[in-house]
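Novice: Please model the complete structure; the sequences and the hints are all you need to start from.
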Amino acid sequence: MWYVVKNVLFNKKNIFYFLIVISFLLAQTACDILLPLMLTKLNGVIQEWANPINNHTDSWVINRALIISGIMLGVCIVELFCGVMGELLGTRLGIKLAGQLRYNTYSKIPKLSFADFDHFKSSTLLTTLTTDIQAIQNAFVFIFRIGFRSLFLYFGGIIGVVAIVFTQETISSSSWLLPTIMIAISLSLFVILGFVMFKATKYHRLSKFATDDVNSSIQENILGVRVVKSFNLQEKQIAKFNIINERMRKITTKSFVISMWVFPIINFALTATIVIILWVGTTNQSISITNVSTLMSITTLVLIGMMLFINVILLVSMAIGSANRIKNILQYKPTLTFVKDGKKIENNTVEFKDVSFRYHETSDYVLKNINFKIKENETIGIIGGTGAGKSTLVNLIARMYDIKTGEILVSNHNVKEIDEVSLRSKIALSPQKVTLFSGTIASNLRFGKENATIEEMTEAAKAAQAYDFIMQKENGFDSVVEQRGSNFSGGQKQRLSIARALIMKPKILILDSSTSALDMITEKAVNDYIKSSNNDRTTLIVSQRISGVKDADRIFVLDKGEIVGIGSHKELLKNCSQYYEIALSQMGEEGVQNEMK
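In UniProt numbering, the protein residues as written are 1 to 597.
Hint data in this document are derived by calculation from the structure and do not stem from the laboratory.
There may be inaccurate statements among the hints.
Below, simulated DSS-like cross-link-like pairs (lysine-lysine); rule was C-alpha separation at most 27 Å, straight line [stated by the list, open to error]:
1) K344 / K531
2) K108 / K344
3) K560 / K404
FRET-style restraints, in silico, Cβ to Cβ [to be verified]:
4) S122 / V339: 26 to 32 Å
5) F114 / E455: 32 to 38 Å
6) T91 / I159: 23 to 29 Å
7) H119 / F16: 35 to 41 Å
8) N242 / I159: 54 to 60 Å
C-beta: ideal position from N, C-alpha, C; glycine also.
Specialist: This is how it looks when you write it as structure tokens:
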């Protein structure tokens, strides 16, 4: 929790804001403690006037009563002002710090690599940025509004009790009994409640992980609702969700069952303390009745302070699990880092030297001993069966993952030595699984080039065979794109993704099964444009269809993570059995024979 506080609190502006809040809370607490003492003074004046020995006139008591009452009224006004300002500024500071924490946490996420996203589940990140940050915000607000005030009330009340003891006309050893009892009860209460909170924190932390599982299940079933319905698995998925939901219910119930002991214990301590004060006050001759009344008022403030502080501890204990999860993200060191002042991509050559890759240390190798060199402005086709390693290979070129075996050269530089901006701006990747963002078609295309003009978007859209369907929409490039592009077909989304990549005018263009949802005529039109405009660009086309790669300068054939063939379409039909089998399955015997002529 302390790490999270340090992450957002310690800058000059926030520290200054924090000190102002503390000042108002201190002033408010001082007024709270001062009022019972002033009331004691007023009672003393009245008792002194009522004593016939003193022979005071009515005007004497009225003047003093008015002075004390006026001071008390002024103290009340100051207490009200400081209370309102302390609450207002404390709440604003808590919300502000939570907002900064949310920004700091979110800012870390885009810097994570693909491998890092394999480490953090999307449901965990979603819960952390929403539920966990909200828990921290509640804790911040309570700490600034109530936490410090409760401590000031407690210690200020103890000081007030000691002050009353010292102002007695006769001070005996028994006079110290009340403050001693109050301190003993409060310390015992803190120990007991500390143990309860320790036990509750464990289950609060587990409830966060259970929330992750629930969110993950909900997200999975909402995104996959078509699959669930098509296989008539609604009841099965509901039953599966119920198991996860029931686990969350049990954990949450345990955490609240443990926490429920807090308030009964506090109420018992409050009642017991008041009874003890009454008993000590009435049996101790050294304490006047007036002071017993004042002690009751101050003790009530002390106990209120204790009760408020325990509430804060309860809330903080619930936030500790959230703080630890946020800390894990903030302290996480990305597996993929870039060197400062790295090298620039000046040409579009690509070379793999003895590259082997696996996603985890315990998993099998996805790529094995890959060696090739791509010349400037070549068009390379990459083909192979499912799981052959095609997408992994092109992701390594774009440095979505780092390798531990071998070397990858882009523009004759080790890809690990290339500047991040140069790498991301010179290599464009259009994946098979397209992600479109809420906004417009234009705003999505401008992910490729922020200041792209209508002319540039038109050129890219025509190249990707997307211009016609864009113009058929009422608002053209300003047409709305709903979340995840749900108002576009799979083929339309792929064409927009290709246009988004082309608008970058990259040195290296990677199309990772980007035409899989297109018909063969549209696919050929896209490939023809890419081939004809390939005068200053290296292009890699990943496909499972022969038609998608047959016109490439060279084709790499992958099988079980290894390159088993490199050559042109006709060369591979003659020399690579795996390529021949793929062609045979897609084109038939007659089609293959015609291609070989």
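Novice: Of the hints stated earlier, which fail here?
Specialist: none
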